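Chains as they are written, first to last, in the working numbering: chain A, 36 to 144; chain B, 11 to 126.
To be clear, the hints were calculated from the coordinates, so they are not data collected in a lab. Do not take every clue at face value.
[Claimed, not checked] With a straight-line cut-off of 27 angstroms between C-alpha atoms, the simulated DSS-like cross-links for lysine-lysine are:
no.: 1; chain 1: A; residue 1: K61; chain 2: A; residue 2: K85
no.: 2; chain 1: A; residue 1: K85; chain 2: A; residue 2: K103
no.: 3; chain 1: B; residue 1: K67; chain 2: A; residue 2: K61
no.: 4; chain 1: B; residue 1: K23; chain 2: B; residue 2: K67
no.: 5; chain 1: B; residue 1: K67; chain 2: A; residue 2: K90
no.: 6; chain 1: A; residue 1: K85; chain 2: B; residue 2: K67
no.: 7; chain 1: A; residue 1: K90; chain 2: A; residue 2: K103
no.: 8; chain 1: A; residue 1: K90; chain 2: A; residue 2: K72
no.: 9; chain 1: A; residue 1: K90; chain 2: A; residue 2: K61
[Said to hold, decoys possible] Not close to chain A: a few residues of chain B, all C-beta gaps over 10 angstroms, as computed:
no.: 10; residue: L21
no.: 11; residue: T30
no.: 12; residue: N66
no.: 13; residue: L91
no.: 14; residue: E92
no.: 15; residue: G94
no.: 16; residue: Q115
no.: 17; residue: T124
[To be verified] If the Cβ cut is set under 8 angstroms, some of the chain B residues that face chain A in the computed set are:
no.: 18; residue: S43
no.: 19; residue: P49
no.: 20; residue: L53
no.: 21; residue: F55
no.: 22; residue: G68
no.: 23; residue: G72
no.: 24; residue: L100
no.: 25; residue: Y116
no.: 26; residue: P119
no.: 27; residue: G120
It should be emphasised that the depicted structure is a prediction, and the values quoted were computed from it without experimental measurement. Using N, Cα and C, we set each Cβ at its ideal position, and we do this for glycine too.
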Amino acid sequence: QQPVQSPQAVILREGEDAVINCSSSKALYSVHWYRQKHGEAPVFLMILLKGGEQKGHEKISASFNEKKQQSSLYLTASQLSYSGTYFCGTEAGANNLFFGTGTRLTVIP
Amino acid sequence: KAGVTQTPRYLIKTRGQQVTLSCSPISGHRSVSWYQQTPGQGLQFLFEYFSETQRNKGNFPGRFSGRQFSNSRSEMNVSTLELGDSALYLCASSFPFESVDGGGQYFGPGTRLTVL
Numbered sequence: 036q037q038p039v040q041s042p043q044a045v046i047l048r049e050g051e052d053a054v055i056n057c058s059s060s061k062a063l064y065s066v067h068w069y070r071q072k073h074g075e076a077p078v079f080l081m082i083l084l085k086g087g088e089q090k091g092h093e094k095i096s097a098s099f100n101e102k103k104q105q106s107s108l109y110l111t112a113s114q115l116s117y118s119g120t121y122f123c124g125t126e127a128g129a130n131n132l133f134f135g136t137g138t139r140l141t142v143i144p
Numbered sequence: 011k012a013g014v015t016q017t018p019r020y021l022i023k024t025r026g027q028q029v030t031l032s033c034s035p036i037s038g039h040r041s042v043s044w045y046q047q048t049p050g051q052g053l054q055f056l057f058e059y060f061s062e063t064q065r066n067k068g069n070f071p072g073r074f075s076g077r078q079f080s081n082s083r084s085e086m087n088v089s090t091l092e093l094g095d096s097a098l099y100l101c102a103s104s105f106p107f108e109s110v111d112g113g114g115q116y117f118g119p120g121t122r123l124t125v126l
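Only chain B is shown next, with the shape it has when bound in the complex (with noise of 0.2 angstroms):
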């Protein structure tokens, strides 16, 4: 079975762009959840995604935002770049809790965002 699916694995962008990430999950999951992981501040949770709704988020500015769709595929975006963004971000899809791994979260490669 494919694993979880990050694009583009590395971006670099200018202080003020926007940029765009993309997630598949593995098939059949249907919760979506996106961290960011820095080595100050380590895995921070952003925000979670199941069915097309926004289940929880994280403690993040309204800068940083998603989207799930029909497919489960998720997207994030983040706006008015800050020097401050440049993470890892990873994506990271889960069965329920009733299945066979208890909603254990997979992880994809991430992309690395690099902002000037």
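Excised from the complex, chain A in its bound form (with noise of 0.2 angstroms):
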């Protein structure tokens, strides 16, 4: 039930913009993204809900394909401190979250 992101890691130039994939191959209730720097805890991003609604503290962007299990985050003008690593969690409606292997992000000057 884990779902599969892509790419596994990118670097970007500040500036640049970067699109993490994340699929399913289980029918989806909502998709859940999070970052997490090194050593520290995961930190909630955004989530997309079946149905189209989106809920999140982050001026980011992302989209849901429920259709094909599918959700993708755009991080544009990306900045220094959009370096980590980006999980996507993905429900089947069950209240419990299956985490993707993670997109190590790192932006460089």
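With the hints in hand, could you dock these two chains into one complex?
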């Protein structure tokens, strides 16, 4: 039930854009996105719910294709602070979250 | 508002011993989930509690157990420790889906368990 993330790693220069993808083989109720910096706990970015609703605190753009069970996280005009490992978490409606293996994003000056 | 707290932060045990980890959720959060994070397996769901009831359990052996108290604080217990149990154990709490952040998980700093 673990979702598949791609790419596994990406290196960007400041100001460049990136897209991180997450796909599941299960019909999903929601998709979560988190960022984890080295030595720290994952931080909640946003949640995309079935039906199109999105909730979160960050000014981050994401999409959720319910038919394909896919979600994409869009990072635009990247900053050094965007560096970290991004995880998607998927819920198939059972209140348990399955996380992908993560995408390591490195932003360089 | 205080975040999720976990104690202890670091723990060293030997094989065969048991360990109890503690988690205090954000005030008002009634759902508490536990995860195991390792370099090889990533973030894996252990179980989730809501109002003192275990609602879901991941694919871990019965040596892993937990409970939640009436004040939403939660404990996780691992008995008969094995070398492979060495990991970062993360606790996360959340509001219900109808809240402003839609059930997003707020993680504590974790407990780093080393089994020798």
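Hint-by-hint comparison with the structure:
no., hint, verdict
1, A:K61 / A:K85, "13 angstroms, holds"
2, A:K85 / A:K103, "12 angstroms, holds"
3, B:K67 / A:K61, "18 angstroms, holds"
4, B:K23 / B:K67, "24 angstroms, holds"
5, B:K67 / A:K90, "25 angstroms, holds"
6, A:K85 / B:K67, "23 angstroms, holds"
7, A:K90 / A:K103, "21 angstroms, holds"
8, A:K90 / A:K72, "22 angstroms, holds"
9, A:K90 / A:K61, "22 angstroms, holds"
10, L21, "17 angstroms, holds"
11, T30, "20 angstroms, holds"
12, N66, "4 angstroms, violated"
13, L91, "23 angstroms, holds"
14, E92, "22 angstroms, holds"
15, G94, "18 angstroms, holds"
16, Q115, "6 angstroms, violated"
17, T124, "16 angstroms, holds"
18, S43, "7 angstroms, holds"
19, P49, "11 angstroms, violated"
20, L53, "4 angstroms, holds"
21, F55, "5 angstroms, holds"
22, G68, "7 angstroms, holds"
23, G72, "17 angstroms, violated"
24, L100, "6 angstroms, holds"
25, Y116, "6 angstroms, holds"
26, P119, "5 angstroms, holds"
27, G120, "6 angstroms, holds"
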